[in-house]
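Visitor: Okay, here's what each chain looks like letter by letter:
Protein chains: 2
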Amino acid sequence: MNVTRHITLPKGFRSAGVACGMKPSGSEDLAIVAADRDASVAIVTTQNQIVGAPILWCRQMFPRRYGKARAIVINAGNANVCTGKVGLHDAQTMATETAKCLGSRPDKILVASTGIIGRPLPMTRVRRGIAAAAESLSTRNDQVALRAIMTTDTRAKSAIVKTQIGRKKVTIAGIVKGAGMVAPSLATMIGVLTTDAAISPPALKKALFTAVGPTFNAITIDSDTSTSDMVAILASGAAANKVIFTGSPGHRKLTSAVTEVCAKLARAVVADGEGATKLIEVIVRGARSNREAEIAAKSVANSPLFKCAIHGHDPNWGRIAAALGKSAAKVVVEKLAIRIGSIVVFKCGGATKFSTAAVGRHLSGTMVKILCNLGLGSGRFTALTCDLSKEYIEINAHYHT
Amino acid sequence: MNVTRHITLPKGFRSAGVACGMKPSGSEDLAIVAADRDASVAIVTTQNQIVGAPILWCRQMFPRRYGKARAIVINAGNANVCTGKVGLHDAQTMATETAKCLGSRPDKILVASTGIIGRPLPMTRVRRGIAAAAESLSTRNDQVALRAIMTTDTRAKSAIVKTQIGRKKVTIAGIVKGAGMVAPSLATMIGVLTTDAAISPPALKKALFTAVGPTFNAITIDSDTSTSDMVAILASGAAANKVIFTGSPGHRKLTSAVTEVCAKLARAVVADGEGATKLIEVIVRGARSNREAEIAAKSVANSPLFKCAIHGHDPNWGRIAAALGKSAAKVVVEKLAIRIGSIVVFKCGGATKFSTAAVGRHLSGTMVKILCNLGLGSGRFTALTCDLSKEYIEINAHYHT
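The listed protein sequences derive, respectively, from chains A and B. Last residue of the first sequence: 401 in the working numbering, with the numbers rising by one and none dropped. Last residue of the second sequence: 401 in the working numbering, with the numbers rising by one and none dropped.
Mixed in with the good hints there might be a few duds.
For chains that are exact copies, the list does not tell them apart, and a pair is met inside one copy or across any two.
Distance condition first, Cα-Cα at most 25 Å in a straight line; then the derived PhoX-like pairs of lysine-lysine [unchecked claim]:
#  : residue 1 : residue 2
1  : 264       : 369
2  : 353       : 23
3  : 353       : 85
4  : 108       : 206
5  : 206       : 347
6  : 169       : 369
7  : 206       : 100
8  : 23        : 264
9  : 347       : 11
10 : 335       : 85
11 : 11        : 330
12 : 169       : 264
What the hints contain is simulated information worked out from the structure, not anything from laboratory work.
Just need the whole structure built from these sequences, with the hints factored in.
Guide: Here you go:
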């Protein structure tokens, strides 16, 4: 049997996905990714001020956002957000039950939930699901586990990168869910990465935080930041490389591999954005600083008018200019140049005599590239987004609470 | 003949609207609102850093945003934005031609343009239009003048408020266009107000700036701020009241009447938002400050997920909470209460046992009220927005450059 593996490709991990009845469709809705023994862990959580009980649990267990963990348990269909004390208790129970099944301790278990806000979890089902999932942990369930964390996602999103640390081969893998409510500062996006690298928890945190900036924090689908976002990475150490510490030779290499996995997953999230028909890369160069480049790029990437124009294959550089101009980043129209694909459509304060047909050809593809050179400095940032379609409205007008 | 009057109801004004061939539909696209003699004037212009040539012209003529003016000439169909030196010259020509026809000076003429960005104005037509409009100035053309400034608007939007200053009856009237690209800090929204009050230019500016805050700057359709926004008010003095100065008894009264006109127009703009089926009032109370209340209210009002939910009649308070939480305003989930219509749906950190049917009835109306009490202070703000529908996408994916 041909089994697609990803999250358990790094040595020392097993996964499982089961259906316990939280998704109306009846498909898988609870997953566990477990290390064979305690692993280094690092997490990034949402910047929303209102957060789900699972986020509170994880932050409480890992106040410094790193430590040692055994497993992560994730459910989809119910986000366990705004559920009060019951919700907190339920998140804790998810950890306790998972720990019990794995012969570990609750404080070694990460919990993540995604789905509807404001309803208590059906804990009888969740308990049963955890037991069943723990029972079936293996290296053959990666796709099922991935399916179990999906909500409005239309595609299973995973990534694998291999590298070498010293003389040891190291693998980094990741899975992610998230198709709406995806914005700067994460998204309803739950990402789980595993690696068999041996690395200290603080070094792992540093790698993850570095990786998240230009990847998960550079994407936006609808400017809405969720209450449940989390990216977690577990490092088993099973590759038996010399343990990586912050500053040790392997750290930069591992960081870049983790960034590569995050970049692939982030890109996949946007490409699978709700109702998306195109992946749009908004590259800003020549800003006064990288921070201003980010602000400018995200202002374009979040502009509904811009996203609609791209959806309609409209070379509407006016909306790009307007979105740059409304941002808090310094923009001077005379210095601004805008390219769509490889074609310069705007410079020196006015439109160029570009070929509408050529720009149209670029816009009719599934990958659109917008390059804005502000001509003011060396700041740069690339934001990723998708177009805004009727399908987005369809999905979000009828995804009921 | 029954003629609808508004903008010339205040004494001392005439208006005209003509078709000079800028709109593909062939309908009216150039308007003049003129005072019989020089009037006090005040203007508010867009906060976008990239602005149209007409905005540059007006700012140059009125660097302090007030002064004496004779008329405003407005065209729709072409925004004269990003048109370089040619554009600046064209805006100036519009002023010069209008001045010539009225026997005034170019520096007494305001210019406003709305429509497509990046194409030079067809000046032969514009010149002809100005001459024809100036020729036909009267008090019987208000509706035609209003039609001439509309773009994707589906309704003609005007307002009239009468008040008394001393013993004199004073009228304030206004017209507005603007249906998309409407955001905090104005919109592609051009508003023209007239009044027959006698008022000094600085006092008029103060009245207008005060009026704009809770009205035009409190509305958002799609979070996009245009390059061409302007609100101008002309005061003829024909009511012959004792001239109002800042701080004089009539100033507050006039300010409140101007605010009332702006509020009616702003409300009408949102109700006519592109693709809108509902007007949504997002009231935030209990914020730490008015500024934080504004940030929180606009975060909800600009959330695509929230707007889609309302479009689908979904009592999705989770998205309201998430939008509040992602904002820069302080929010504490345990102190937050959310009402939809008059029904409390969320408090004490969790959903109440509300009647879905009752909330559904409120949401199925055309006026939706969302009240968020942050429970942290006395800051308050009300933002107005509309729902997000497929029609918005339809309009904006195909409004070509």
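Visitor: Each hint needs a verdict: does it hold in this structure or not?
Guide: These are the hints, each one checked on the structure:
Proximity of residue 264 to residue 369 under the C-alpha cut-off of 25 Å is restricted to the intra-copy arrangement: shortest distance 17 Å within a copy versus 41 Å between copies. Taking CA atoms no more than 25 Å apart as the test, residue 353 paired with residue 23 passes between copies only; the shortest distance there is 22 Å, against 53 Å inside one copy. In the homo-oligomer, the alpha carbons of residue 353 and residue 85 lie at most 25 Å apart only across protomers (16 Å), although the nearest pairing inside one protomer, at 62 Å, exceeds that limit. Proximity of residue 108 and residue 206 under a CA criterion of 25 Å is satisfied intra-copy only: 20 Å inside one chain copy versus 62 Å between copies.
When the C-alpha separation of residue 206 and residue 347 is checked against a cutoff of 25 Å, the pair qualifies neither within a copy, at 40 Å, nor between copies, at 38 Å. Within a single copy, residue 169 and residue 369 get their C-alpha atoms no closer than 35 Å, and across copies no closer than 59 Å, so neither meets the 25 Å cut-off. For the identical chains of this complex, residue 206 and residue 100 are neighbours neither inside a copy (31 Å) nor across copies (69 Å), given an alpha-carbon limit of 25 Å. When the C-alpha separation of residue 23 and residue 264 is checked against a cutoff of 25 Å, the pair qualifies neither within a copy, at 27 Å, nor between copies, at 46 Å.
For the homomeric pair residue 347 and residue 11, neither the shortest alpha-carbon distance inside one copy (53 Å) nor that between copies (47 Å) is at most 25 Å. Only between protomers do residue 335 and residue 85 lie at most 25 Å apart by alpha-carbon distance; the minimum there is 14 Å, versus 55 Å within a single protomer. In this homomeric assembly, residue 11 and residue 330 never come within 25 Å of each other (Cα to Cα): the closest approach is 48 Å inside a single copy and 44 Å across copies. In the homo-oligomer, the alpha carbons of residue 169 and residue 264 lie at most 25 Å apart inside one protomer (20 Å), although the nearest pairing across protomers, at 68 Å, exceeds that limit.
The earlier numbered hints that this structure contradicts are 5, 6, 7, 8, 9, 11.
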